[in-house]
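Given the coordinates of chain W, assemble chain R with the ligand onto it according to the supplied hints.
Chains as they are written, first to last, in the working numbering: chain W, 49 to 307; chain R, 684 to 901.
Worth flagging that the hints you see were computed from the coordinates, not collected in a lab. We treat Cβ as the ideally placed atom computed from N, Cα and C, and that holds for glycine. Treat each hint with caution, since some may be false.
[As the list claims (entries may be wrong)] Calculated pairs, BS3-like style, for lysine-lysine (alpha carbon to alpha carbon, straight line, at most 27 Å):
{"#": "1", "chain 1": "R", "residue 1": "K775", "chain 2": "W", "residue 2": "K127"}
{"#": "2", "chain 1": "W", "residue 1": "K125", "chain 2": "R", "residue 2": "K728"}
{"#": "3", "chain 1": "W", "residue 1": "K59", "chain 2": "R", "residue 2": "K728"}
{"#": "4", "chain 1": "W", "residue 1": "K59", "chain 2": "W", "residue 2": "K95"}
{"#": "5", "chain 1": "R", "residue 1": "K775", "chain 2": "W", "residue 2": "K159"}
{"#": "6", "chain 1": "W", "residue 1": "K127", "chain 2": "W", "residue 2": "K59"}
[Stated by the list, open to error] Here are some of the chain W residues that sit facing chain R, going by a computed Cβ distance under 8 Å:
{"#": "7", "residue": "V117"}
{"#": "8", "residue": "N119"}
{"#": "9", "residue": "R137"}
{"#": "10", "residue": "P218"}
{"#": "11", "residue": "V251"}
{"#": "12", "residue": "E269"}
{"#": "13", "residue": "R286"}
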Amino acid sequence: MKLTLHIWRQKNRSDEGRFVTYELADVDDHMSLLEMLDLLNERLIGKGEEPVAFEHDCREGICGSCGLVINGIAHGKEKGTTVCQLHMRHFADGDVVYIEPFRARAFPVIKDLVVDRSAFDRIVQAGGFVSARTGSAPDGNAVPVAKPVADLAMDAAECIGCGACVAACPNGAAMLFLAAKISHLGLLPQGQPERSARARAMVSRMEYEGFGSCTNYRECEAVCPKRISVNFIARLNRDFMKASLFNETIPAGKAAGGA
Amino acid sequence: MHWIAAFYRSTVGKKVVMAATGILLFGFVVVHMLGNLQIYQGPEKLNHYAALLRSAPALVWGARIVLGFSVLVHILAAVQLTLRNWGSRPVKYQVRAYQEADYAARTMVWSGPIIAVFVGYHLLHLTLGTAHPDFDPEDVYRNVVIGFQAVPVALTYVVANLLLGFHLYHGLWSLFQTLGLNHPAYNTARRVFAAVFAAVIAAGNVSIPVAVLTGLVK
Ligand code: FES
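In isolation and in its complexed conformation, chain W is listed as follows:
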């Protein structure tokens, strides 16, 4: 098939950026969207032009590196799919495709379609961990976890940190990401000691990084390649409220471990 691509090109962080239009012929149904971009890049390189920069790694939907906004939808219109798993058979000959980077103040564009998502790393550093003593691995069944709890924790732990939730949110909020991390750890026994401090620290860091606030649009849930539920955001709110209003062990106004 033949496609008309409008792709965001931006030389570096300080460049203003603009759309450039490419006509791409011989796109195969079996290609993923990233393979389609590979094809475009081969042709650009052949012509001595600068290839389109985009981020990717596993190309099997598990690493969270890839992330593009395709015709106004983060990761494209197929539900529960990363852009590396989005196949060209979902497009038709002659389609016009707009490809943009994830846009948010907290995700500055580095080049073309590559954005800097290190704000997520700093949020995790603020509280998205459990402190455990090092040493040999503990016995698998030493800490019993009920099956429904383990399942729910796993649903949250599916988050691959791609940032589509931020990209899709009209407010540029990172709440679904935070909710997934906070719920995944907060549901398990190992996550309990730091549960209150974690909610405070991660929310505080999120705000510091310049993400917006949640107004319950549920756009995040709709584009999440792992279909993380907004129900986890309610859980995050619950943890945050408990930590802020009812927890006597954290000094008021201080978010332990955070910015």
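Then chain R with the ligand, alone, in the frame of chain W:
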């Protein structure tokens, strides 16, 4: 009080405050509508209700202070959060295809201020009477009928109350989420609750100017 300031400073805290004040304002809107619907029982009934309220100034002023404070805090938090949200994406998308965000959710930021302006007008029109052509503080029924016989005024009320319906539809669902009240057992009920109450309030309030315009109430 440091803890509450710290809580309010966070975006999650502001949302909780908006949800809490939203509940108070919702409660008022319900009572207000029920009071107003007495217009269908005739002038005596409605005017008697108004006199009853006037005879309990402590109650009325208590409510006014709480509600006024709630409105101010609700607006303050909304403005602060909205400014933050507007700043969170300096370069906009060229193409935007919403997946879930419905009309009500996307227009909260407009329905809110429009309702606020309308409430100001409504107070001048039917509470203070300064924006009313022929106001009689003792005769609420007559004030309403005369007020709504002006078509533009009646239409303003209709539009504002439809917007209130949209605002409530998103707000009433959203507040559960914000307050962390989420459970598979009642998640569907939250949607139903929001839709039913938004529709009932909008319909109840809209019915009054419509009833006057069509001559049902005169
Ligand atoms: S490249 Fe790893 S998830 Fe797409």
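For each hint, the structure was consulted:
1. R:K775 with W:K127: holds, 23 Å
2. W:K125 with R:K728: The given pair, whose Cα atoms are some 57 Å apart, is violated under the 27 Å limit.
3. W:K59 with R:K728: violated, 73 Å
4. W:K59 with W:K95: holds, 18 Å
5. R:K775 with W:K159: holds, 17 Å
6. W:K127 with W:K59: violated, 31 Å
7. V117: Holds, about 6 Å.
8. N119: holds, 6 Å
9. R137: violated, 20 Å
10. P218: Hint on P218 of chain W: holds, closest Cβ of chain R at ~6 Å, below 8 Å.
11. V251: Because about 6 Å separates V251 of chain W from the closest Cβ in chain R, which is inside the 8 Å limit, the hint holds.
12. E269: This interface hint holds because 7 Å falls under the 8 Å limit.
13. R286: Cβ of R286 of chain W sits 3 Å from chain R, so the hint holds.
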